[in-house]
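Protein chains: 2
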Amino acid sequence: MLLVASSMHDYAEQTQQFLIEGDIKAALKAARNVSALRTSQVLTRVPLENVIAFLLQSGWEKAAYVAGYLPPAFTVTLLGQMSEDDAGSLLAEMAPEKFADVLKLLPEAYASRLLDQMDPVYRQRVMQLAEYPEGTAGSVMSPNFLTVDADSHISEVIEAVRLAPAEVERTAYVFVLHPETQRLEGVVSLRELMLGDPKAKVRNVMTSDVFAIAVDEPALEAARRIRSRRLKMMPVVDEQQAMVGIISIGQSMDLLAHELADEFVAMNAASPDESFYTPPRQAVKKRLPWMAANIFLNLGAVAVISSFENTIVQVAILAAFLPMITDMGGNVGIQALSVSIRSIALGEARLIDFWKAVRKELVIGLFNGVALGALFCVVAYVLQGNVILGVVAGIALGINVLVAGVVGGTMPFLIKRMGKDPALMTGPILTTITDITGVTIYLGLATLFLSSLMVG
Amino acid sequence: MLLVASSMHDYAEQTQQFLIEGDIKAALKAARNVSALRTSQVLTRVPLENVIAFLLQSGWEKAAYVAGYLPPAFTVTLLGQMSEDDAGSLLAEMAPEKFADVLKLLPEAYASRLLDQMDPVYRQRVMQLAEYPEGTAGSVMSPNFLTVDADSHISEVIEAVRLAPAEVERTAYVFVLHPETQRLEGVVSLRELMLGDPKAKVRNVMTSDVFAIAVDEPALEAARRIRSRRLKMMPVVDEQQAMVGIISIGQSMDLLAHELADEFVAMNAASPDESFYTPPRQAVKKRLPWMAANIFLNLGAVAVISSFENTIVQVAILAAFLPMITDMGGNVGIQALSVSIRSIALGEARLIDFWKAVRKELVIGLFNGVALGALFCVVAYVLQGNVILGVVAGIALGINVLVAGVVGGTMPFLIKRMGKDPALMTGPILTTITDITGVTIYLGLATLFLSSLMVG
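From first to last, the protein sequence lines stand for chains A and B.
Per the working numbering, the first sequence starts with residue 755, numbered consecutively.
Per the working numbering, the second sequence starts with residue 755, numbered consecutively.
The hints are simulated quantities; they were obtained by calculation from the structure and are not laboratory data.
Remember, predicted model here, so these are calculated numbers, not experimental data.
Among the hints, a few may not be true.
If several chains are the same, the list does not tell them apart, and a pair holds so long as it fits within one copy or across any two.
[To be verified] Here are the simulated SDA-like pairs of lysine to any residue, each with C-alpha atoms no more than 25 Å apart in a straight line: (1) 1110 x 777; (2) 1110 x 790; (3) 1039 x 1121; (4) 1170 x 916.
Bound conformation, chain A alone (with noise of 0.2 Å):
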């Protein structure tokens, strides 16, 4: 049967409608046709009771599969609702890098508890992985691989990918060590074990030149080089070149869409572990401290307005235009700014382009300031009868439309060029820039014609 996307119901709206109502017998059956991480997605949005329920009735082996996709903070809450049997019988079924993500936010007691009721093999696993520092290539790697020795024959390794067990990568490649070293020596496709002489040794057939991720870099760096090779997996290896996990496509996939909307949250002053999961009193306490900062850096905007008070009494309706020219420079800047990050998250532009971006923002921001300036003047003159306060208005704001376009343009390829992250804080930072060259251009000239707007 051939499963066209349009041509299939929406069996996951249905599993979490059957959810919502508690009708697990339903829900069950709807999920069937449900992939693990669309049900987990459905899981994280119906009330919990039906979703322990639906995991004990799915069977540990399913359940386990499903919850190793769950946020780790969501499984943390769910097992403090289930027995210390079945929260037991529940981890022991999954893959153990998943298992070691929710042990590092379990309470410890808690934790050795469970830990105690695992096979000692398994045990020792997680507690190893659990080490790695976050977001390292060992914190997110999957230890379950294949490997062979360098002197086995290609009939030896295709018995080896016949007898591996489900939970071991096996589709694509077998990674083969050296005899006695036990280092990472090459690795052989499916495709050249298929073709090759089964008598041969996999020494003869396995290509030698293995891109790998050492066990400390950045799981990142590994998702960027699986991208950009078109690899299905990349190795990890340790200190002695011994393997000890592996990275895959799709779990690259994740860590690059991730990262690619942890870059815009952060752009935004928002922290980019909230998600949408996050309890309320956590989130305050992950957007406060930004926008508090925030009022101290607004606090330039104030001093120039009030160093200005003198021409706001005299022409009170200068005021009214303020926040608009303010605005129009936040969101050009910000326009700007966007462009900017997606170019560099999505490696299209790198740190040589600065003088590119600088020159592209200023060309664009000239005609832009242009047009929106002459735009706003008559719409000030319309609105106000007032022909100075519409030029004066107009040319404060097309210069700050310029100013946005090329700080916003340009910050993130600085602030990249000094090594730290290209997007946190921009945005509030940007409209601080703007608001201040905004009043001041925008009040400077209403002083310097301040006899001529007062006649109006």
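With chain A held as given, fit chain B onto it using these hints.
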């Protein structure tokens, strides 16, 4: 040799440097260690004549492979600088789906002269691919894939894999067609072929439930299903369920990354098809209309402030805090907005979660509003020595932060429920809303306490 990321030279930077200096020989040598994707990124940032020299000296096959990763608009510029013979030789070696992307952008007469140089089968293929509308599965699929007849013996299928040309995807699956109707009937993995009995018919070992995508469905739908099902590729079928192409996991990674970035760019009213190498003139065209629209959006706040002209005449210092209140509202709102768009884009949150989002943002907004309002109240008092001004500004800021968080956090859900793009233009719309509520509350309260404000 193990190619561990940290121990490798940055050959891409080297290649770029040599190409900037015009040392083509050295660049060719350095580029041997660089992936085609990264090489293509390097080429977009160096002088055009050196790009052409580099490609001409790479040999057509390699040059076409690298050029396949270039943005089609860049390739068009490149072709314009080459002789028609060279352009034809380059394109003739390109994957047909990549050529088709370029073809759409070429002047008609030039395109048909180039096509006339091509082998008729290849020409036919490219022209067909160029006809699928942008964004459909047909427009991104590769027409090179391996099929066998369901009656074939496994040994015959293995032989077909052996003989398949290199441009055919032959490392994961072989697709199985009905012997007469040629409809897609199933799929068989290399693992199944390798482990199966060579004399068995492929029909008996294939998987007959195949996830497929119709040629006119969105390519993104294929990418999402490839990700959530952890597939390596997905066949594309026409109305008669005949197979016409494949979409690979590598392409899916690129599609998903661009889609995600586009969402965030759209949120800032920037055009998703503007990239780093969009010429300034086009960038102006893409950005200006949104910003002009924004001027009119902003007139609401202008009208509100104008109506309070009287209050400002009497307490001009009120104007000093106007940008602060609108800026904070905008930033808090965009913070919440970006977290929501991220959750929707990564598939963590769905429409049904609307009320959950409202509740969450209400709680966060209440805390943040009180905290930031109180802080601002103190700041305003310290700066101006006016208690009432501090209280008024603090309350206005607090309420505006609450409103901004709720509106920003829930707006994408509302827009998506209306069937529109949940990100498009939300940034400027949001700041318009928060500007108006912010200044209304601020100046409204100020007018109410006018007599106390004037006393200070």
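Status of each hint after checking the structure:
For a Cα distance limit of 25 Å, the shortest separation of residue 1110 from residue 777 across copies, 21 Å, qualifies, whereas the shortest one inside one copy, 60 Å, does not. Taking the shortest alpha-carbon separations for residue 1110 and residue 790, only the inter-copy value of 23 Å comes in at or below 25 Å, while the best intra-copy value is 45 Å. Taking CA atoms no more than 25 Å apart as the test, residue 1039 paired with residue 1121 passes between copies only; the shortest distance there is 10 Å, against 42 Å inside one copy. For the identical chains of this complex, residue 1170 and residue 916 are neighbours neither inside a copy (49 Å) nor across copies (47 Å), given an alpha-carbon limit of 25 Å.
The earlier numbered hint that this structure contradicts is number 4, and it is the only one.
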